[in-house]
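Visitor: This is what each chain is made of:
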Amino acid sequence: MSDRPMSERLSVFKTYKLYVGGRFPRSESGRVYEVTGSKDGNWLANAPLSSRKDARDAVVAARKAFGGWAGATAYNRGQVLYRVAEMLEGRRSQFTREVAEAEGLSKAKAAALVDLSVDRLVWYAGWTDKIAQIAGGANPVAGPFFNLSTPEPTGVVAVLAPQESSLLGLVSVVAPVIATGNTAVVVASERSPLPALSFGEVLATSDVPGGVVNVLSGRTAEIAPTLASHMDVNALDLTGADAELATGLEVAAADNLKRVLRPRTGEDFAATPGTDRLTAFLETKTVWHTTGSLGASGSSY
Amino acid sequence: MSTTPSPTHALTDVAASDASLRRFLHGLPGVDPVGLEARAAALGTRSIKTTAKAYALDLAISMVDLTTLEGADTPGKVRALGAKAVLPDPTDRTAPSTAAVCVYPDLVEVAKAAVAGSSVKVASVATAFPAGRAPLEVKLADVRAAVAAGADEVDMVIDRGAFLAGHYLKVYEEITAVKEACGGAARLKVIFETGELSTYDNIRRASWLAMLAGADFIKTSTGKVAVNATPANTLLMLQAVREFRDRTGVQIGVKPAGGIRTAKDAVKFLVIVNETAGPDWLDNHWFRFGASSLLNDLLMQRQKLATGRYSGPDYVTVD
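Residue numbers (numbering that gives the first Met the number 0), protein chains in the order written: chain A, 0 to 300; chain B, 0 to 318.
Simulated from the structure, these hints should not be mistaken for lab results. Just so you know, these numbers come straight off a predicted model, no measurement behind them. Please note that a few of the clues may not be correct.
When the alpha-carbon atoms are kept at most 20 Å apart in a straight line, the in silico EDC-like pairs for lysine to aspartate or glutamate are as follows [what the hints assert, rightly or not]: (1) LYS169/B to ASP12/B; (2) LYS263/B to ASP56/A; (3) LYS63/A to ASP318/B; (4) LYS48/B to GLU274/B; (5) LYS223/B to ASP91/B; (6) LYS48/B to GLU266/A.
Turn these sequences into a full structure, and let the hints steer you where they fit.
Guide: This is the structure in structure tokens:
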């Protein structure tokens with residue numbers, strides 16, 4: 000065997016699959032579409048072409064995972080996110096190649112984007128147990144009460160990942176959603192879904208409970224309306240939708256009063272993100288608690 | 000037990016003695032398990048869409064025996080369940096009522112009051128459900144109490160120990176005694192606990208035994224063991240009731256119970272009913288689902304069909 004030249008080795012092509020509920024299914028419809036390189040138009044791989052039933056299954060998985068993930072301590076979620084960063088770092092060369100092919104970049108530029116993606120995960124990992132301090136706190140009220148506001152996750156968030164930035168953009172929209180305890184159904188970039196589908200493998204090997212993030216690939220305009228009108232989806236991130244699609248989706252989302260994050264033009268995913276995306280999918284719970292018995296001279300506080 | 004009035008038909012003499020009953024039951028053709036499961040699986044692949052699906056969903060809702068059989072059942076929970084059985088979807092009054100609510104005997108009165116004035120019946124489990132391990136007198140007292148409290152239907156469990164030991168006449172006489180205790184007032188459903196009968200041959204024998212003894216319904220299981228209703232064992236029981244009607248002219252109902260949780264599963268069962276026993280059984284007088292969470296999924300699917308958007312658990316009641 001050893002004298003056989005390497006060129007005779009059969010190529011092993013990767014079957015890209017969806018990531019739903021911690022598993023890697025094909026599309027229920029059995030459909031795939033051809034993904035080509037951004038620069039030369041070469042065929043890269045077939046990606047699953049998700050149907051509305053895949054979207055429904057993903058929402059069911061995300062709902063099932065929500066209780067456990069929202070109930071995990073913020074500290075624990077931070078550790079899990081940091082673990083995702085570690086796993087992504089370990090696959091640096093694979094993602095560099097995939098991002099370079101997907102976005103038509105040089106090796107060096109693609110590697111820089113992968114590094115930024117890892118850094119972004121670490122950044123959000125640090126925020127998990129700190130966001131409550133800046134988004135919540137004690138409110139001064141005119142009465143014998145402690146009045147506390149605390150941020151709570153919204154629920155299942157449908158995320159349309161950015162179309163151009165296949166990995167950094169994806170990480171930049173998904174990490175803040177799950178950092179705060181939401182679960183996500185992500186529709187990957189339609190043109191460049193491969194890094195997103197591989198990112199599902201990173202999530203699967205990094206202590207993220209199955210169903211917390213679900214990755215679908217396919218036609219954004221086909222999958223998004225199902226998610227936007229789904230009564231069991233609580234919020235919608237429209238980053239990856241064009242203006243016309245976004246308007247229709249926002250209308251559909253009104254049925255059960257979803258929180259909607261509108262697409263912003265020219266969002267720079269390389270810049271330090273700030274906390275906007277963290278607070279976008281939080282709801283504020285306010286608790287009134289009596290301070291105890293009132294003395295003859297009034298409140299003991 | 001010769002005084003027990005047993006149904007008269009072509010097979011009346013079969014239960015004359017333990018030996019003749021055994022001869023009859025062991026003379027039934029053996030079941031081909033591979034063929035049975037393949038047939039059940041093949042029927043499960045039918046695609047039921049649009050108007051047929053709407054029909055199937057409403058039919059399935061009307062066939063649900065909405066069940067709560069927990070040690071922690073309270074009168075409040077049973078009242079809530081009764082209200083849900085009468086009006087499953089308060090936002091859509093076109094949704095049909097379920098067939099019945101199914102409770103323990105001591106809660107029959109509460110259930111009866113909760114569904115008063117509607118078409119919903121009250122079924123009560125009895126005979127030391129779910130194990131059935133009690134003296135006959137205790138079992139009969141259990142049945143009489145349920146019937147006296149107003150139960151329209153009684154779900155009894157057979158003595159699996161006696162059945163597996165081959166004491167078929169003992170099982171037969173127990174069923175006839177319970178049937179007598181039901182009087183004319185209540186329909187009798189006989190539960191086999193198919194998960195404990197080990198073989199398909201045993202399920203076929205149990206089906207014939209119960210039908211000979213005067214069961215109005217044969218029911219797969221209690222929902223309290225690991226394996227409950229499956230498409231294959233339900234198909235087998237549907238074959239039995241079809242053949243029983245062919246030979247005696249008496250129609251018997253079938254009730255799979257336990258483990259049917261999704262609308263998709265329920266529709267598969269309906270296909271099996273239609274293809275095996277025939278459309279005569281597509282009515283809640285002859286076919287039931289013993290279930291609790293199934294109803295919510297049926298209602299969510301119904302809402303999806305009506306509005307075009309997927310519904311969620313926030314829009315149905317939590318039991």
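Visitor: Starting from the hint list further up, note which numbers the structure goes against and sort them upward.
Guide: 5, 6
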